[in-house]
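Trainee: Letter by letter, the chains look like this.
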Amino acid sequence: MTAEQPLLTVRGLSHYYGNQLGCRDVDFDLYPGEVLAIVGESGSGKTTLLNCLSTQLTPSEGSAVYRFRDGNRKNLFCMSEAEQRTLLRTDWGFVRQNPREGLRMGVSAGANVGERLMAIGNRHYGNIRETAIDWLQRVEISADRIDDTPRTFSGGMQQRLQIARNLVTGPRLVFMDEPTGGLDVSVQARLLDLIRRLVADMGLAIIIVTHDLAVARLLSHRIMVMKDGKVIETGLTDQVLDDPHQAYTQLLVSSILQVGA
Amino acid sequence: MSDRPLLHIAKLGKGFTMHLQGGIRLPVVNNVSFEVYPGECVVLGGPSGAGKSSLLKMVYGNYAADSGSIEVLHRDEAVQMVAADPRLVLTVRQKTIGYVSQFLSVIPRVSAQDLVAEIAREWGADEADAAIAAGDMLARLNIPERLWSLPPATFSGGEQQRVNIARGFMGQHQLLLLDEPTASLDAINRAVVLSMVAEKKTAGVGMLGIFHDPETREAVADRIVDVTLFAAAA
Numbered sequence: 000m001t002a003e004q005p006l007l008t009v010r011g012l013s014h015y016y017g018n019q020l021g022c023r024d025v026d027f028d029l030y031p032g033e034v035l036a037i038v039g040e041s042g043s044g045k046t047t048l049l050n051c052l053s054t055q056l057t058p059s060e061g062s063a064v065y066r067f068r069d070g071n072r073k074n075l076f077c078m079s080e081a082e083q084r085t086l087l088r089t090d091w092g093f094v095r096q097n098p099r100e101g102l103r104m105g106v107s108a109g110a111n112v113g114e115r116l117m118a119i120g121n122r123h124y125g126n127i128r129e130t131a132i133d134w135l136q137r138v139e140i141s142a143d144r145i146d147d148t149p150r151t152f153s154g155g156m157q158q159r160l161q162i163a164r165n166l167v168t169g170p171r172l173v174f175m176d177e178p179t180g181g182l183d184v185s186v187q188a189r190l191l192d193l194i195r196r197l198v199a200d201m202g203l204a205i206i207i208v209t210h211d212l213a214v215a216r217l218l219s220h221r222i223m224v225m226k227d228g229k230v231i232e233t234g235l236t237d238q239v240l241d242d243p244h245q246a247y248t249q250l251l252v253s254s255i256l257q258v259g260a
Numbered sequence: 000m001s002d003r004p005l006l007h008i009a010k011l012g013k014g015f016t017m018h019l020q021g022g023i024r025l026p027v028v029n030n031v032s033f034e035v036y037p038g039e040c041v042v043l044g045g046p047s048g049a050g051k052s053s054l055l056k057m058v059y060g061n062y063a064a065d066s067g068s069i070e071v072l073h074r075d076e077a078v079q080m081v082a083a084d085p086r087l088v089l090t091v092r093q094k095t096i097g098y099v100s101q102f103l104s105v106i107p108r109v110s111a112q113d114l115v116a117e118i119a120r121e122w123g124a125d126e127a128d129a130a131i132a133a134g135d136m137l138a139r140l141n142i143p144e145r146l147w148s149l150p151p152a153t154f155s156g157g158e159q160q161r162v163n164i165a166r167g168f169m170g171q172h173q174l175l176l177l178d179e180p181t182a183s184l185d186a187i188n189r190a191v192v193l194s195m196v197a198e199k200k201t202a203g204v205g206m207l208g209i210f211h212d213p214e215t216r217e218a219v220a221d222r223i224v225d226v227t228l229f230a231a232a233a
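Protein chains in written order, with numbering that gives the first Met the number 0: chain A, 0 to 260; chain B, 0 to 233.
Looking at chain B on its own, in the form it has when it is part of the complex (with noise of 0.2 Å):
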């Protein structure tokens, strides 16, 4: 394994002007500082509004930070995502990180398994493969299966969490982040979802998360890393 971080934060700010509101300024984070390493879990902690969310969308590149430095393992190069180029954010998201977000964001029309089987064709495995691959997965998430054919727009919210969270393990990241990805589910579901965050832990893969409810991020945390010691100055 590997003794270089999968991700390198360091002194990272973020903060929001609101032009809207005469330009009042919003502090998010300041000098956030932590590593993720391969086969570890970090866990966010801290109320809600310390900025934790936050944090994962700056190392997506959803959110832009003000300063500071952000390096993602990608391809065997530590890859800045501060300010990057547009291009380069697409590819590392494609390539080596992954995003589990608590909601679906639908793409019409298309059906549960399919949407599942895209990313394992995205990751080399062909349409025969893909299909059985994504059942297995919507199989073991409990998502039964006279759904797997129809487009989860209708679903429940913790049947579309599900399949989310099937799409967000079904690809190869190397750095998974984890938005509350258990947050609707029962206990059963919850379970499954830990075995599998488990098995990335035993391939190697980093992840970085946020689980609100105590007994999960206990079975998955390897290093709680406290979001209000970053609280920014007002």
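Same shape as in the complex, but just chain A (with noise of 0.2 Å):
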């Protein structure tokens, strides 16, 4: 474990917008099956390195390398424009907090799942959709709504058929940005534990954005918290959570509606 490397190494990102600071100098690393949450109120940068990480924003300074398959390491951002997507497509992921932009809305959900299989270079329509089944019976959503769009879903069903788009090509990393906000809680609980397995099944890597720090607690081994586009503190998760040193940290955690438990 100890000899294993990371998958991801981030040395000194920053990006900003003009003379508007995103997000300063941040460095971590980030290894195989782990799941780093990224908190803070909006505005604290955090989407802004999501953004950057997920190279759908160059940032001003810094790098961040990643290791492929077969070993290899690039800097993402020296990587071309063509070569960033099909990472995206394939051994990446990207659950979008609206399901209407991580979908296609106008398609079926056998396609929105099977089209990332073919972006990949599946071209057997019968195994394409035997996978899109498996895939559809693995986030809970029945098999005969295979055929129908997802405008016809609920939103915890949308969110569901989003992750089954995602993970069908065997990420290794996958990137959330607020996957459960506007979600019912009771939808949202469902949603986390399904996330939970499938993580502990598949051995993924996730960086997920969030401010919500329950979310955190339940999905993440360590966290990262920022504020003014910065990382103010880091750590363990559940270390972080229960014996916070930052003010803005205790903040944050007081602020935490306790409720029933």
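These aren't lab readings, by the way, just hints derived from the structure by calculation.
Treat the hints loosely; a few may be bogus.
[Stated by the list, open to error] Which stretches of chain B does chain A cover? Using the computed rule of at least three CB atoms under 8 Å from a CB of chain A, they are:
1) 13-25
2) 83-93
[Claimed, not checked] Calculated pairs, DSBU-like style, for lysine-lysine (alpha carbon to alpha carbon, straight line, at most 35 Å):
3) B:Lys-94 x B:Lys-200
4) B:Lys-94 x B:Lys-10
5) A:Lys-229 x A:Lys-73
6) B:Lys-200 x B:Lys-10
7) B:Lys-200 x A:Lys-73
8) B:Lys-10 x A:Lys-229
Each residue gets a CB set at the ideal place from its N, CA and C atoms; glycine is no exception.
Both chains come to you apart, so use the hints to assemble them.
Mentor: Below, the structure written as structure tokens:
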């Protein structure tokens, strides 16, 4: 385990929007199978950081070196756009808060899942459909909904479909942006439980951005707290949440509503 | 049996700085030093607020120590837990340190039997053996069989605590941290837990625990470490 190589090595990552600071001087390593939560309020820089890491935004400074399946390492920001796109479609996934941005709403559920398989070279219709059915069931969507479009799905189902679409290619790294935001609490719990199981089964590495500390606690091994574009506290998730040291982290933790329990 | 301690704590100190209360410093413990050896149960003594739970949490890496050292024997090596890398802490928790708290942190939609079987699987049992071992453990702790297939969210406090104990004792950790595992149990189930502690001792497991009930404490403790000796000056 200690001899294991990081999947992603981020050093000195900063991004400015003109004079406005997006995020500053972010350093971390992410290992295979590790779930990292980035938390903070809106404007803290967490989404900027996620967009940089997923190569949707080119940072002003710094590097993020990714280790490919063949062991080669490349700085994400020195790759061509075509290479970046291929990575996003094959080795990576990106689960968005709004399923409308992560799904194609006009095509069937089966096509939404099958599309990523075709992108990596699968051509056999029967196999693709079979894999799509398998994945719909894994995310608890009944196989008889395969020909329906996501428009006819509930919010929770759309989000589960988006997860199936992203995981069908067996990615090694998945970015998630508030994946449970906007869902009812009971729907959230079911989705979190599903993500937990899939992560453990597939050994996925995940970088998840959330403002919800309960989501971070349930899903992540490690947490980074951001404020004003900087990482102000980082460590083992339960330690940072149960024994926060920075004033801002203490404020965040103390602001959680204590429900039931 | 080895002479090396499973847990070696030296000059450990901890306080909380409450930034939201004007930066008040709440000292917890200071200069804590003791060891736990294989096959013994060391019980932390002292009134509530003396820092017993905080000590357990520091050993588990859940609280960060301010100073001093916590060495845990992990895969035959003394591993420093103070300021350890999060990945190391997680590996040590998986392989070496088990923690039984009073409260079950509920994972929704997973049945009691699966919750316990999951631990047996982590320790190498196959699916079928893990289910059997989990059933035996739940039966031993007097959880009625009709509840095994249900998620414990709706169980009584005592039943949830017993599911938690079943999980904690199902593992084969060399060091077990016990935070009031018998707090809401009746006499019969308390006796079951006591016999489970005794079996762990025989197996060479070291335990560090908190037991408020004097009778239980007497029954399990090989040594009592008085935490008030480590009271931190305000």
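Trainee: Okay, which hints does this one fail, numbers in order?
Mentor: 7
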